[in-house]
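Q: Need the complex rebuilt from these two chains, each delivered in its own frame; the hints are there to steer you.
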Amino acid sequence: MTQIELRGVQKWFGAVQVIKDLNLTIADNEFIVLLGQSGCGKTTTLRAVAGLETIDEGDILIDGKPVQHLKASDRDIAMVFQSFSLYPHMSVYENIAFPLRATRISKAQVDAAVREIARVLRITDLLAKKPSALSGGDMQRVAIGRALVRRPKAMLMDEPIGALDAKLREEMRAEIKRLHVKQGSTTIYVTHDQIEAMSLADRIVIMHEGVLQQVGTPEEVYRQPANLFVAQFVGSPVMNVADTTVSEQAGQVSVAVGGAEKGFAFPGELLARLNGHAGGGLKLGIRPEGVLVAREATDGFLPVEAQIIEPLGSFDIVDLKVGGEVLRARTKSGFVARAGEKVFARVDPAQAHFFDTASGKSLGVAL
Amino acid sequence: MAAVQTSGERALNRLAIVAVLVITMIFLAPIYWIVATSFKPRNLATTIPPTVVFTPEISPFVKLMTKRSQLREQPTPEEYAAAPWWERMVFDGGEKVVRDGKDQVQWSAYPSRFLNSLIIAVTSTVLAVGMGTFTAYGFSRFKVKGEGDLLFFILSTRMLPPVVVAIPMFLMYRIVGLTDTHIGLIILYTAFNLSFSVWLMKGFIDEIPKEYEEAALVDGYTRMQAFFKIVLPEAATGIAATAVFCFITAWNEYAFALMMTNRRAQTAPPFIPSQVGSGLPDWTVIAAGTFLFLLPVAFFTFLLRNHLLRGMSFGAIRK
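Chains as they are written, first to last, in UniProt numbering: chain X, 1 to 367; chain B, 1 to 319.
So here's chain B without its partners, still in its complex pose (with noise of 0.2 Å):
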């Protein structure tokens, strides 16, 4: 590459690093509103014109976690002295704490929620990706009698709006006994991630040169320990990539939790804009619901993120 850059060029790449820079800002708008608003006192929440500076403080969070009701009186100072630090906060907010018989803080349904959406979408991204991964292996080196047709049928079960068939799913679920179940969900996520996971594995088991697992095969491994010693780490970007997919898809799926969950395995995305409703609604738990909710997601990406641009780019580039 030359070195030289005429100036009509540096105004060109002037001019792409400013429309770079507004796109991210559009992009980075929402995730800055929530995180904004779920670290806002409730009173600030939903001004006209939005307040931008503010005091930021926690409480959201604490309302998030605990179960809480409307105060009928103001709590005595000796109440409000003797309670820590976070009870204080909802006293703040013109609520209080729901406490058991026993005295115990009742947690809110928020954290089984959470575990839920891990629960379910950490083992329905294990499962796809790993039979996605053993039939991509399938297809990309034997010969499949009607491999064109069988690849496409796979991608075909992708091709209806998963809305369509949520009624069907729902009828059936609900005879088979699975209808708010863990199980049912890891099930239909598996599914519906699998025609993913195995074209997506089927392109990066693609590029490795089926000579790999040959020396292997001469060197004196079975097929199956060259499948795990060879073209499994060879794969590791393009399993990264799927799992992250894979994962996001499972994390974010609203309309079948909404229809098939209410309670016992209810996944967070239902449960959050359910909170909506229940009397007025506090914006700031919801945001501070919705923040936590972003956290896995963004953590598992930024875990992986060199595979991730590696698999970005895959095919791009000749070996």
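One chain only, chain X, in its complex shape (with noise of 0.2 Å):
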């Protein structure tokens, strides 16, 4: 049962501010991922949490106690490290040990709790091996039974798995999902990748240049981002993001992007929900499967012309020039022949985000 909470916490390295009045909750078991560019002060969120940064001010407290006064050696928590850290001159057997011999357990029980982990991340025949004859996934498998054999409180996570090469990268994903599962305790995990966050985390915390910018489950930060950086940091393509004005006439509200004369057409309750937002200063915000692409004329499309076609297989992607802008719509496989091609797109409203272009947050339009 462990529960950790970070209150106004700020840190500085020098003149630089890299966290800046940080506030968390993360529940028992819970699995969070803080997710952002690199710089943006996850890494140094999760060292302060693991005791291996100071903080400047605020509090750190796991199970309701404050810890930041407290050495990472006292503070029963594990972390794997993005370059692993296995000490060369010890076996993978010794490795694994190393934790639980800074503690009083006899030698049998060291020798049962390695051999349990080993079992459970199938390296039992790794064991007396040094580290730097296994591969990247294994050196993976050994640093997270290094950090889970002494059942630490929390488990922390930097980057882990992104020194691994793409498929190996996929495989401990899923590995590192089961385990959480299976072993079930809670966990900090650091990532740019957001893919990597959105399959594994129970809440995703954004954070960029120190500031926390959204809290919520893989499904809010993707469904409803809280502001333009959130909205284009997550998901992949990136989300369309275009100057935009929307204007009613005869009862008609039509979202005009990029300058162009004609807009798209919009439910009237939109001026509504813009609540005074309409004038300017706006940007619409849509996710490439929510253009929608059309071979021939249809009612409520305009004519675009499809300027570059990236097929990815299951699916392409289509650049479609609108006014000065471009949109990328999600169509399937082979839908739009040819570059060039004059086809008919238009914007799904329910997929609809605005955003102040001043102040980059969304105004929480729903349609």
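The hints are simulated quantities; they were obtained by calculation from the structure and are not laboratory data. One or more of the hints may lead you astray.
[To be verified] Residues of chain X placed beyond 10 Å of chain B at every Cβ, according to the derived structure:
#1 Ala15
#2 Lys71
#3 Ser73
#4 Asp76
#5 Pro88
#6 His89
#7 Thr103
#8 Val110
#9 Gln232
#10 Val241
#11 Leu274
#12 Asn275
#13 Asp316
#14 Lys361
[Claimed, not checked] Calculated cross-link-like contacts (lysine-lysine; reagent style DSSO-like; alpha-carbon spacing at most 27 Å):
#15 Lys210/B with Lys71/X
#16 Lys20/X with Lys153/X
#17 Lys177/X with Lys153/X
#18 Lys177/X with Lys283/X
#19 Lys71/X with Lys145/B
#20 Lys20/X with Lys102/B
[As the list claims (entries may be wrong)] Which chain X residues stay away from chain B? Per the calculated CB distances, all over 12 Å, these:
#21 Asp74
#22 Met90
#23 Asp158
#24 Gly268
Ideal placement from N, C-alpha and C gives every residue a C-beta, glycine not left out.
A: Right under this line is the structure:
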């Protein structure tokens, strides 16, 4: 039973503030992913929880007790590093046994614990090897084994699979998920890979320049991004974002993109939902699957030109020129035959997001 | 790498091998000379042209280890027959072994000087490498105010030629009573090697990723435990390389040893040449002393050769 809480955490490196007033509560057994670009403060946050960085202000609480003044060794937390950090001069067995040797438990108990965790991670046949003889995936398993072996209060992972190749990464992702379900421990996982975050997390914490942007389930951050940064950081291909103007003519609300003459038709309640923001300084956000494409003129569809087609196997991404902007649409594979073709497009109002240009904040419009 | 070599490359390769062989011979020539001379009979040591083919004998080593005096008269055949084999060698050289009142053979000063060298070099090496490793770890892992200046200051102690400070050091040592003491030379050599040790070890410790210690810290170890369990084993190569260099420096040091010591704590380097001056120099004995003096360094270096090879190329390979 471990709950971790960050209260008003601030951290400076010299004149640079890397964590700005961070508040976050992590429930027992929860798998939290800190997601953001490099330099956003996510790793520093993780290291602060581990006790490897001091914080300048605020509290870090584990099970309600402030730990910011405790040494790393006294926090009973385990960490998996991006570089695995297996001790090169020790065998796999010794590496896994190392955290147990810091405690006062008997040799027999150490041996039993090491063999048990090796069995769970399927690395029993590697126990006698040195880390240098292991593949990347096996090193990762050993590093996780070393972290799990003493059943720590919480597990911290700093881009643990970032150094592996794509295929192995997918495998290990599934394995980490399997382990979490099986072993169950409060976990904070740092990554810059949004796919990793979406697939692993119970909740995702998105950070940018030291500031927490949004906390939510993968579904929430994908469907209801709090601001432009989250909208464009989560999801692949990236969400289209374009300057837009909303106007009303003869009871018809239209949303024009990139200064185009004609806009996309939207339901009338949009104006009310925008709450006075319609005038200007507005951005439309729409994911590629929300841009609908037709080959023939259809009611509500505007004629556009397909500029580039990226075939991605199961689907295509088509760049459509709308006014001065490009909207990327996701279509069935081969739906638009070649670049330069004239097609028709519409924005699905149910999937549209509106953001205030100045603040970048979502206006929370849901149609 | 392509396995195919052009004839030009082959020729270059051969030329390089020849060049390496020639250079090796040039470097080994003095060592050959010393070793050969230490096994020569005295009359062949200074012939012109040099004698290359001779029957090796160990009389120089016997003479090196014993106290001798000139024979006034030849030993009687009974005396000669009663003498052990090594004493006959001394007789053959026109000298006799000095015995004390209880008829015990007197050792020469060489063994004690050799022992002094060992005690002083080993102790100062252990101290210099030990303190250097701790200091280097501090500089490598923590933010130290004025780190660059401090490191430069440490290095600057090495910038003056030692001879320049020899006389002031001697005067200071005389006041505090450290002249001709083991501890005096140990302090001197430790101080002299420390700057070198700090700089070399800092390079090695910088190369050890700090994540290893951080992993140990979150695994429940204190920083001190992490240092001993993780950093030291990882730095073994660097420690070995640094130790060899410090040992060689302390072992070979001549100027300070000559000035600061004369009897009790005198090391081998000032002792060996001092034998040249007493009477007609016996070069074979001096060569024997030099040859024995070379062995500990050679042995130590050989022992640590694997570490040394990796140590020499440190920084050249990115991990």
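Q: None of the hints should be skipped; say for each whether it holds.
A: Against the structure, the hints:
The non-interface label for Ala15/X is consistent with chain B: the shortest C-beta to C-beta separation is roughly 15 Å, beyond 10 Å. Not every C-beta of chain B lies more than 10 Å from that of Lys71/X, the closest at about 7 Å, which undercuts listing it as non-interface. At roughly 5 Å from the closest C-beta of chain B, the C-beta of Ser73/X falls inside 10 Å, breaking its exclusion from the interface. A beta-carbon of chain B comes within 10 Å of the beta-carbon of Asp76/X; the shortest separation is about 8 Å.
Not every CB of chain B lies more than 10 Å from the CB of Pro88/X, the least distance being 7 Å, so the non-interface label is violated. At the 10 Å boundary, the C-beta of His89/X falls inside the reach of chain B, the nearest C-beta of that chain being 4 Å off. Its closest Cβ contact with chain B, about 7 Å, brings Thr103/X to no more than 10 Å, contrary to its assignment away from the interface. Chain B leaves Val110/X outside its interface by the beta-carbon criterion, the shortest separation being 13 Å against a cut-off of 10 Å.
For Gln232/X, the non-interface assignment is confirmed: its Cβ lies about 32 Å from the closest Cβ of chain B, beyond the 10 Å cut-off. With a least CB separation of 38 Å from chain B, Val241/X remains clear of the 10 Å interface cut-off, as annotated. At roughly 49 Å, the least C-beta separation between Leu274/X and chain B is larger than 10 Å, which holds for a residue marked as non-interface. Look at Asn275/X: its CB is around 49 Å from the nearest CB on chain B, clear of 10 Å, so calling it non-interface holds up.
Distance to chain B confirms Asp316/X as a non-interface residue, since its nearest Cβ pair spans about 41 Å, more than 10 Å. No Cβ of chain B comes within 10 Å of the Cβ of Lys361/X; the nearest lies about 37 Å off, and the non-interface call holds. A threshold of 27 Å between alpha carbons decides the hint, and for Lys210/B with Lys71/X the separation of about 17 Å falls inside it, so the pair holds. With a CA separation close to 26 Å, the supplied pair Lys20/X and Lys153/X stays within the 27 Å bound.
At most 27 Å may separate the alpha-carbon atoms for a hinted pair to count; Lys177/X and Lys153/X meet this at roughly 18 Å. Between Lys177/X and Lys283/X the alpha-carbon distance is near 37 Å, which puts this suggested pair outside the 27 Å criterion. Of the pairs offered as hints, the one joining Lys71/X and Lys145/B holds, with about 23 Å between alpha carbons and a cut-off of 27 Å not exceeded. This hinted pair does not check out: Lys20/X and Lys102/B have alpha carbons roughly 88 Å apart, beyond 27 Å.
With a least CB separation of 8 Å from chain B, Asp74/X falls inside the 12 Å interface cut-off, contrary to its annotation. A beta-carbon of chain B comes within 12 Å of the beta-carbon of Met90/X; the shortest separation is about 8 Å. Asp158/X, annotated as away from the interface, has a beta carbon of chain B within 12 Å; the closest lies near 9 Å. Distance check on Gly268/X: its Cβ is at least 58 Å (rounded) from any Cβ of chain B, clearing the 12 Å threshold; non-interface status holds.
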